[in-house]
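K.L.:
The chain contents come next:
Number of protein chains: 2
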Amino acid sequence: MKRIGLVLSGCGVNDGSEIHEAVLTLLAVDRAGAEAVCLAPDIEQTEVVNHLTGAVEKGAARNVLVESARIARGKVSDLAKATPADFDALIFIGGYGAAKNLSDYAYAEGEPIEVEPSVARLISETFRAGKPLGFLCISPILAAAVLGQEHLELTIGQDPETAAKLVQWGSHHVTRTASEIHRDPHRLVVSSPAYMLGKSISEVADGIDRLVAEVLRSIS
Amino acid sequence: MKRIGLVLSGCGVNDGSEIHEAVLTLLAVDRAGAEAVCLAPDIEQTEVVNHLTGAVEKGAARNVLVESARIARGKVSDLAKATPADFDALIFIGGYGAAKNLSDYAYAEGEPIEVEPSVARLISETFRAGKPLGFLCISPILAAAVLGQEHLELTIGQDPETAAKLVQWGSHHVTRTASEIHRDPHRLVVSSPAYMLGKSISEVADGIDRLVAEVLRSIS
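From first to last, the protein sequence lines are chains A and B. Start counting the first sequence at 1; every next residue gets the next number (the working numbering). Start counting the second sequence at 1; every next residue gets the next number (the working numbering).
Treat the hints loosely; a few may be bogus.
Since the list gives no way to pick out one identical chain from another, each pair is judged satisfied if it fits inside one copy or across any two copies.
Said to hold, decoys possible - The list that follows gives simulated cross-link-like pairs (lysine-lysine, DSS-like), each with its CA atoms no further than 25 Å apart:
| id | residue 1 | residue 2 |
| --- | --- | --- |
| 1 | Lys-199 | Lys-131 |
| 2 | Lys-58 | Lys-131 |
| 3 | Lys-58 | Lys-81 |
| 4 | Lys-81 | Lys-2 |
| 5 | Lys-131 | Lys-75 |
| 6 | Lys-75 | Lys-199 |
| 7 | Lys-58 | Lys-75 |
| 8 | Lys-2 | Lys-199 |
| 9 | Lys-199 | Lys-58 |
| 10 | Lys-2 | Lys-58 |
The hints are simulated quantities; they were obtained by calculation from the structure and are not laboratory data.
Whole structure, please, built from the sequences with the hints as guidance.
P.N.:
Below, the structure is given as structure tokens:
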């Protein structure tokens with residue numbers, strides 16, 4: 001049975017993993033007959049957002065690994081201890097957690113952004129191990145930041161400023177809809193805009209189904 | 001467009017809504033061309049559970065409506081203000097939140113359990129309005145507690161103690177698998193065991209797809 005690492009960054013689109021994307025990926029992996037291996041770093045969230053009002057809850061503290069366990073129904077491991085030997089492919093779920101907890105993209109005013117060290121290491125090692133990588137929603141910024149020198153073709157949505165960052169860091173931006181994916185023609189890297197563009201959960205599910213299928217096909 | 005009320009009880013299987021069940025229901029409703037209307041009571045959770053360790057986080061406080069907004073991507077309304085005019089059918093998502101926040105089933109040692117008043121009112125009013133009701137996972141205890149005198153046929157899983165409660169309160173227990181549903185032969189009430197029995201997200205998704213389809217078919 002193929003094992004697919006899924007990287008979570010908390011539980012909730014505004015300060016962690018986009019919950020729909022995470023669950024839809026778990027569903028697509030299970031329906032494909034593969035096993036999901038959920039991973040998240042054991043670090044504090046940079047902030048806690050009230051998802052009803054959108055306001056930051058000052059003084060509130062939550063842990064990325066602990067909150068990710070809500071989505072994973074308890075079955076999630078510390079990403080810092082993971083290596084590419086633990087999975088056949090690795091998929092990053094979107095949500096602001098990728099830009100607030102897994103990197104400082106949401107806060108960075110200068111260049112370059114910092115990617116959380118265990119996350120940067122795992123992206124690098126997985127790429128060098130020749131195992132497929134999938135990136136949903138905003139998470140292609142992680143690929144661009146860590147693997148910019150590879151000049152990857154990545155989706156990110158349609159925001160010109162975000163797309164410009166990818167290009168500035170050496171990657172190529174490819175425009176796709178939420179239900180579409182793009183695979184780099186030369187490398188085992190697949191991405192899809194998901195909720196960067198998706199207006200409905202069905203559209204996002206279509207894109208995720210395609211991304212998971214392409215990632216599984218890419219496993220050697 | 002048909003509107004389906006979805007009742008959430010927080011965000012996480014051990015102290016709120018079962019996240020997979022909630023997202024899979026949102027997906028099934030959207031794919032069926034209907035609109036989901038998320039509802040949750042604006043009350044404090046009875047407890048906060050660390051989903052990594054299973055331990056209760058003493059002193060921690062979270063609000064059911066605010067946490068439910070994580071699943072609903074912000075689009076969730078106060079259940080206390082909802083009436084059956086707001087939707088064409090009403091589906092209750094499972095998770096311990098149904099037994100800890102929407103009722104005191106998880107804590108009740110005596111009989112009968114107490115159902116949160118706005119939840120009890122909405123179940124009653126929806127039933128009397130002739131609109132279909134769907135109950136996933138553990139949430140049929142709410143139907144049994146509020147509508148016991150209707151002698152409904154309900155699923156709950158295979159735990160004899162829980163099934164005995166349904167019977168004690170006047171309902172009939174029907175055994176189904178996670179991918180199956182049961183509709184009461186005489187009333188517009190559909191239920192499915194979901195994660196009470198489900199070993200995989202695919203199984204649970206199959207049951208939820210069937211429940212949503214049956215609930216939609218039952219709308220007059």
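K.L.:
Each of the hints needs a verdict: does it hold here or not?
P.N.:
Hint by hint, here is what the structure shows:
| no. | hint | result |
| --- | --- | --- |
| 1 | Lys-199 <-> Lys-131 | neither (31 Å within a copy, 28 Å between copies) |
| 2 | Lys-58 <-> Lys-131 | neither (40 Å within a copy, 42 Å between copies) |
| 3 | Lys-58 <-> Lys-81 | neither (31 Å within a copy, 28 Å between copies) |
| 4 | Lys-81 <-> Lys-2 | within (20 Å within a copy, 47 Å between copies) |
| 5 | Lys-131 <-> Lys-75 | within (23 Å within a copy, 38 Å between copies) |
| 6 | Lys-75 <-> Lys-199 | between (30 Å within a copy, 13 Å between copies) |
| 7 | Lys-58 <-> Lys-75 | between (29 Å within a copy, 22 Å between copies) |
| 8 | Lys-2 <-> Lys-199 | between (31 Å within a copy, 18 Å between copies) |
| 9 | Lys-199 <-> Lys-58 | neither (30 Å within a copy, 39 Å between copies) |
| 10 | Lys-2 <-> Lys-58 | neither (42 Å within a copy, 39 Å between copies) |
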